[in-house]
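Chains as they are written, first to last, in the numbering used here: chain A, 1 to 352; chain B, 353 to 728; chain C, 729 to 886.
Just so you know, not all the hints are guaranteed correct.
[Stated by the list, open to error] Not the full set, but computed from the structure, chain B residues with beta-carbon under 8 Å of chain A: (1) 366; (2) 369; (3) 478; (4) 536.
These are computed hints drawn from the structure, not numbers from a lab.
The structure presented is a predicted model; accordingly, all values stated were derived computationally and were not measured.
The C-beta atom is built at its ideal place from N, Cα and C for all residues, glycine as well.
What follows is the residue order along each chain.
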Amino acid sequence: MITAWQSILNLPEHTPHAVVMILVLIISYLFVVLPCSLIMAFMERKLSADLQARVGPNRSGPAGFFQPVSDALKLMQKVDSPSSNRAEAIWLGIAGMALYSTVAVLPLGSLILLVDTDMSVFLPFWGVIVLTFATLMMGLTQDTVSGWLGGLRTSLRGMAGVFPALIAVLCAGLPAGGFSWSHIAAAQSAAPYHWTAFNNPFGAISLIVFLMSGMIVLGVAPLDGAISFSELRGGTAAHLSGPKLGMFRLSRFYGMFLWCVMAVVLFLGGWSIPEGLTEALRDSNSFGVIVLIELFVLLIKTFAVMLLIVMFSQVTPRMRVDQVTDLNWKVLSPFSLISLVGFAFWTAWLHG
Amino acid sequence: MSLREYLATDFTNWSLGPYHPALPGPMMLRLQLDGEIIVSGETEAGFLHRGLEKALERHSWQSSLTYADRLDPESAIFGELAVCLAAEEIAGIDVPRRAQNIRVILSELTRISSHLGFLARMAKAVGSTPMFHYVLRDRERVLDLFELLTGARFSINFLRLGGVSADVTEGFIERVIDVCELIRIRLKEYNDLFSFNHAFLKRSSWIGVLSSERARALGVTGPNARAAGLSLDVRKSAPYSGYELIDFEIPVGRGEGGTIGDAHDRFVLRLREITQSLEILKQSVDSIPAGQFQSVKISREFTIAPGEAYSRVESPRGTLGCHLVSDGGTRPARVQFKTPSTGHMLTIPELVIGTRVEDISVILLSLDISLAEFDR
Amino acid sequence: MDTNELKRKLEIKGAGSSLKQSLAIDVGSLAHTAQFLRDEPNWQMDDLENISAFEMKGDILLTYFLKSSSTGKTMVLRATVTPKTETSEVDAVSVSHLWAIAIPLEQEISELFGVRFQGGKTRPHQVLPEGWRGFPLRKSYVFPIEFASIKHQRHEHE
């Protein structure tokens, strides 16, 4: 895999692995994560405008395509309010580190997986849990009721949402026989009826559970009690402005991107392209083309999932935070357990 | 020490306002919170006090209507109508039938516009942005009608003592009929999209329940009282301006989503009131009598004989009363408004007890309070 | 006045929806009269619609609009209070123990006219800002030139 990267980047043979890894991290962040987060931000704005019978951004770039860029530039040049809260800065740093460490395990293609162990799937969950905890602590260090309630609600939401999500991940790993990205991708193929979601009757349930618990964990409207603009004015982020607000928004979109990519790889076939094509390309040693095509397929599916999420979030009114956790514990968790049992029986029946 | 005592926490004081997304206008809401549950609440208003009643005493009768128009910006005509009815009663001015009919048309259009604004605010309170935008788009069609006839969208300044300031044309009537048809179609769309949406029901049913006993005790009138079960409507109990000739019903809360008098009931009731207003409009535009649109021409030196009167009109928020006193001069001696929002503000400390922080917005906005008319 | 005198007055004057038929009483017996009218089965005036105040030649007239929710009849009570000087406060009796709607109405009258409602629940500075002097709705009120170091005239000679 390192060799694949070395040949893509045309690096000399004896480059230390650490340097390659760092380069890969930087490249994937700059060229995949950042643009995709910006594209997701744009999609959300334009789609939600369409659903609300508005025009949406239409000034910067064709059809307002560069709106997130101009937002970012605008936020960068704002003077940040002086925050005398050292503790908050520390927790913000920890939250950032936790979130962006997941770039290392982002499943972007079969040849460019940086870390391909059985724990790859679970690292984002760890990152998300740390993020939740850090937001809780950030909220508690603030002096306002908005901060306290926002932090407490975030922690409730975050801790609650990971439970059904993890069960759903277990469901996806069962037919694959392992949890590394390559195992899971190998268990599916390009054809939709081989995807985990459509392979057996319980797949769709676990896909939906995974997506909804993702929305709960990340705080995507309508399940965003902690950011609740109508009373908390943004919760823990109520006082952010300038570059910090830009980073906060970007990290939210990155979280959504991460979750959608995971959903696609676990349940919707990931980057699989038809076998014959892969063979032909592999024979002709054009790794770069394989990477690009796989990335393309992956991103198309990711944006389709994002579209679904935006449509759902626009049509549904926001739910109260205790109703969100009720939904989580009383609806999503039982369904995830049912689908886990179903998957187990199905896999045993198929393979035994 | 029991576990409960050991884990007991203190209450937090949180004051929202004067400007806050959850509040209907500039007011302070001081809450004591036990975690997320509200233990007690207290309101303070007066931020929009602009001395309207004093200003009305310093200007002529001709200008008094322009000031009364600014009592509540969303339902401007009702302030004017209250002053007109009281002044016409003292002065003994007869209003021609055509002018009365035009007043009814404008009143019901304003009621529709105000209730659409209410629907938009409720949608925003629960975070349903599409509904918010759809409703405001349709409200623009009604406001276009006002602009066509009076030149302004909200503060229409159209009534005069003895009638209205200009006549309506055939074109206006056609457009009114078109808008009524549009609103009728849209009401069905709102019901499909939002009114009985499960998430909205969970946010608003059994929240902010105002019982009919408390509504009567606190002097609540209008749609809030009707949603609580009281059948109070000035248009039926003391009709004015030709309402006695129009056939319409008064909707009363049925508690379909949860219970009678909860926030969802107040929401659905106003939807029903829009339907009734459409019915009234249909009857009014079908039969506009020919005639004058104004019976007397008022100049700046117009005087009214000494006397006083108290008029009541049914504004979109409740019973608006106007106590008008004339001492024979060119200016009113006293104009006092009794606004419906006074009673609604009294219910707030009761309704927020025991609810969660996230319900504040829904409760406050479901009462449809106008701080402008509360403070004057 | 006592109950019998009140009954006699009511029989003479009657009650009606027009303001021309109102009952004038003195301010001390206001609460008692209102309660009588509320409880007496002939009248049953159990709704307070409005409390209005206006100044006529130095006297402040308080007008209480009562209504019966069962019969729909309305009734008007009037009480007159006279402040000793143009800027002094004057006392009246509160009816907020009978009707909750009286609280905000009496609050406004107390701040804008300078009428102290005994037994009432008025708080300071609800309508007018802190530090405001005078009672704006009195006819004798003179607007201050300056408040909170903001002048309402631009030039000295206006």
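Consistency of the hints with the structure:
A distance limit of 8 Å between C-beta atoms decides the matter here; for residue 366/B the minimum to chain A is near 4 Å, and the interface restraint holds. Hint on residue 369/B is violated. Least Cβ distance to chain A is approximately 12 Å, over the 8 Å limit. A distance limit of 8 Å between C-beta atoms decides the matter here; for residue 478/B the minimum to chain A is near 4 Å, and the interface restraint holds. With a least beta-carbon distance of about 19 Å to chain A, the hint placing residue 536/B at the interface is violated under the 8 Å criterion.
Checked against the numbered hints given earlier, this structure breaks hints 2, 4; the rest are met.
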